[in-house]
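K.L.:
Below, each chain spelled out in residue letters.
2 protein chains.
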Amino acid sequence: MTSPSPPFRVGLVQTRAVADPADNLEKVVAQTREAAARGAQVVCHQELFRSPYFCQREDPALFDLAESVPGPTTEVLGRLARELGVVIVTSLFERRGAGVYHNTAAVLDADGELRGLYRKMHIPDDPLYYEKYYFTPGDLGFRVFDTRFARIGTLVCWDQWYPEAARLTAMLGAELLVYPTAIGWHPSEREAYGTAQHDAWETMQRAHAIANGLHVVAVNRTGHEGDAGSGIQFWGASFVADPSGVVVARAPHDEEAILVVECDPKKSETVRRHWPFFRDRRIDAYEGITKRWGEP
Amino acid sequence: MTSPSPPFRVGLVQTRAVADPADNLEKVVAQTREAAARGAQVVCHQELFRSPYFCQREDPALFDLAESVPGPTTEVLGRLARELGVVIVTSLFERRGAGVYHNTAAVLDADGELRGLYRKMHIPDDPLYYEKYYFTPGDLGFRVFDTRFARIGTLVCWDQWYPEAARLTAMLGAELLVYPTAIGWHPSEREAYGTAQHDAWETMQRAHAIANGLHVVAVNRTGHEGDAGSGIQFWGASFVADPSGVVVARAPHDEEAILVVECDPKKSETVRRHWPFFRDRRIDAYEGITKRWGEP
Chain A
1 MTSPSPPFRV
11 GLVQTRAVAD
21 PADNLEKVVA
31 QTREAAARGA
41 QVVCHQELFR
51 SPYFCQREDP
61 ALFDLAESVP
71 GPTTEVLGRL
81 ARELGVVIVT
91 SLFERRGAGV
101 YHNTAAVLDA
111 DGELRGLYRK
121 MHIPDDPLYY
131 EKYYFTPGDL
141 GFRVFDTRFA
151 RIGTLVCWDQ
161 WYPEAARLTA
171 MLGAELLVYP
181 TAIGWHPSER
191 EAYGTAQHDA
201 WETMQRAHAI
211 ANGLHVVAVN
221 RTGHEGDAGS
231 GIQFWGASFV
241 ADPSGVVVAR
251 APHDEEAILV
261 VECDPKKSET
271 VRRHWPFFRD
281 RRIDAYEGIT
291 KRWGEP
Chain Y
1 MTSPSPPFRV
11 GLVQTRAVAD
21 PADNLEKVVA
31 QTREAAARGA
41 QVVCHQELFR
51 SPYFCQREDP
61 ALFDLAESVP
71 GPTTEVLGRL
81 ARELGVVIVT
91 SLFERRGAGV
101 YHNTAAVLDA
111 DGELRGLYRK
121 MHIPDDPLYY
131 EKYYFTPGDL
141 GFRVFDTRFA
151 RIGTLVCWDQ
161 WYPEAARLTA
171 MLGAELLVYP
181 TAIGWHPSER
191 EAYGTAQHDA
201 WETMQRAHAI
211 ANGLHVVAVN
221 RTGHEGDAGS
231 GIQFWGASFV
241 ADPSGVVVAR
251 APHDEEAILV
261 VECDPKKSET
271 VRRHWPFFRD
281 RRIDAYEGIT
291 KRWGEP
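Sequence order for the protein chains is A and Y. In terms of my numbering, the first sequence opens at residue 1 and continues consecutively. In terms of my numbering, the second sequence opens at residue 1 and continues consecutively.
Some clues are possibly wrong.
Note that the list lumps identical chains together, so a pair holds whenever it fits in one copy or between two copies.
Dumping the calculated BS3-like pairs for lysine-lysine here, alpha-carbon to alpha-carbon at most 30 Å [what the hints assert, rightly or not]:
(1) LYS266 <-> LYS27
(2) LYS267 <-> LYS291
(3) LYS266 <-> LYS291
No lab work stands behind these hints: they were computed from the structure.
Isolated chain A (complex conformation) (with noise of 0.2 Å):
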């Protein structure tokens, strides 16, 4: 492992998707060049930016909106990076060959350069996010990318939920976590349940910013898609928290945002050393994490 980077400044791009896929990424583009002005060395988008988020049915021909990686989209993104001087982290429905299709993170690095792809390892399946129905689950495994400004671990949404994840990209030495995702409330459920689903939400990645010392993002969308009164109300809410797991930016609930925030790679050394938890893990009994459940 080399020596922590130099504090960077991340950049979270969070927006309200619309129905054409060229204006999302037109808008996305701009945002972008936003944030790079405001100062962001590493720009990260919203999974799935460039469309409504199409799971909330099972239609085959909307198949028809994925793409190959690389293709148009990073390609588009790595003049971009290249033009700006910035890290992307983006997120694309990945066409990877007939019938078999990915909810990928790219990685395009400051010289415009694709550095590598994430394909989403945990899929869900759940009322109007029927992921299951379009993502084969990702055989890439958990990975880091090095960076002109950091090394970045990339995972995807439901994989937030999973403290496995989180564990085996810290062990890899990533400096910054990044989550893109699409996570919002059902209407219905907003007023009784919606405090609490998006604090554990939140609480989930504080804990794995805590257990690995290393500093977290998640960039969600915001804005209602679907009919009014059903559909998903997406949260926003997009935040970075430091290797304390403490959150020092957080956007609102229901609009647009970007937030620009300065990273210092030097606190995950100092917050290791204070609460050494990575010393003292028995991988001696950790056997277990590999099965599907316990016996008693």
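Fit chain Y to the supplied structure of chain A, relying on the hints for placement.
P.N.:
Chain Y in isolation, oriented as in the chain A frame:
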């Protein structure tokens, strides 16, 4: 796995330790009676309740505080459990043999029988928490105990920072996860870091409740131990989190307290249906968890 246990009431006994182990036992017995009188059916004690937190210094004479388990304390508490008809989850400095000592949780069932032991697996060592000097790491692995009121998983203090420990115990079917604890502030750090430290601690354990969909209990000691201005200011704040990670009761920082809270294991069933994290674990990709560190 059997059906969920019916709802039960858990009691938390948060105390200030005094010098004499006999006095501490007397106090905790009285507070256990009080908790039972208030309706508690599973009464949980703080870590190493029989003495001040002796790990603040390394002194071979302090091994005299250790005792056999089963032994004098479990005998007293077993009689008490049978008399009151409650389960007791307690914490002891165990002398297993000459030179082999453990930080041990014991579960006494409501019939007074010792249901079993858990020996702390993750042992810390930090300024004023010199536990590696006193405690041999546990060799019983992660455990659950079937008691009259619930299947109870036990972990101890430093274990609370390890998602692996919570996960493995949950996978054994734990309905309640209990952490006897002794954690506090260095008085000189309380003003600057105290809030963030306490919040990280609570957040981490709430995340275990969320990731695993079960009730979590932490029982911490309170009071200052050591010279004025140094030593440890134990932060109390014992709490119960429900399977959504919501803190349903929390004791004060600086006072003794008894909490009695109803837990309903059916909530785990409901929560895990709505957020079915166990369904989607990528057990084919977790092998690295059993390694010390990763290779990008």
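K.L.:
Regarding LYS266 and LYS27, is the shortest C-alpha distance of 30 Å or less found within a copy, between copies, in both, or in neither?
P.N.:
For LYS266 and LYS27, the Cα distance exceeds 30 Å both inside one copy (34 Å) and across copies (46 Å).
K.L.:
30 Å Cα cut-off: does LYS266 pair with LYS291 within a copy, between copies, both or neither?
P.N.:
Between. Shortest inter-copy distance 24 Å satisfies the 30 Å Cα cut-off; intra-copy 35 Å does not.
K.L.:
I want to check one pair: LYS267 and LYS291. Are their C-alpha atoms no more than 30 Å apart within a copy, between two copies, both, or neither?
P.N.:
between (34 Å within a copy, 24 Å between copies)
Violation of the numbered hints given earlier is confined to hint 1; every other hint is satisfied by the structure.
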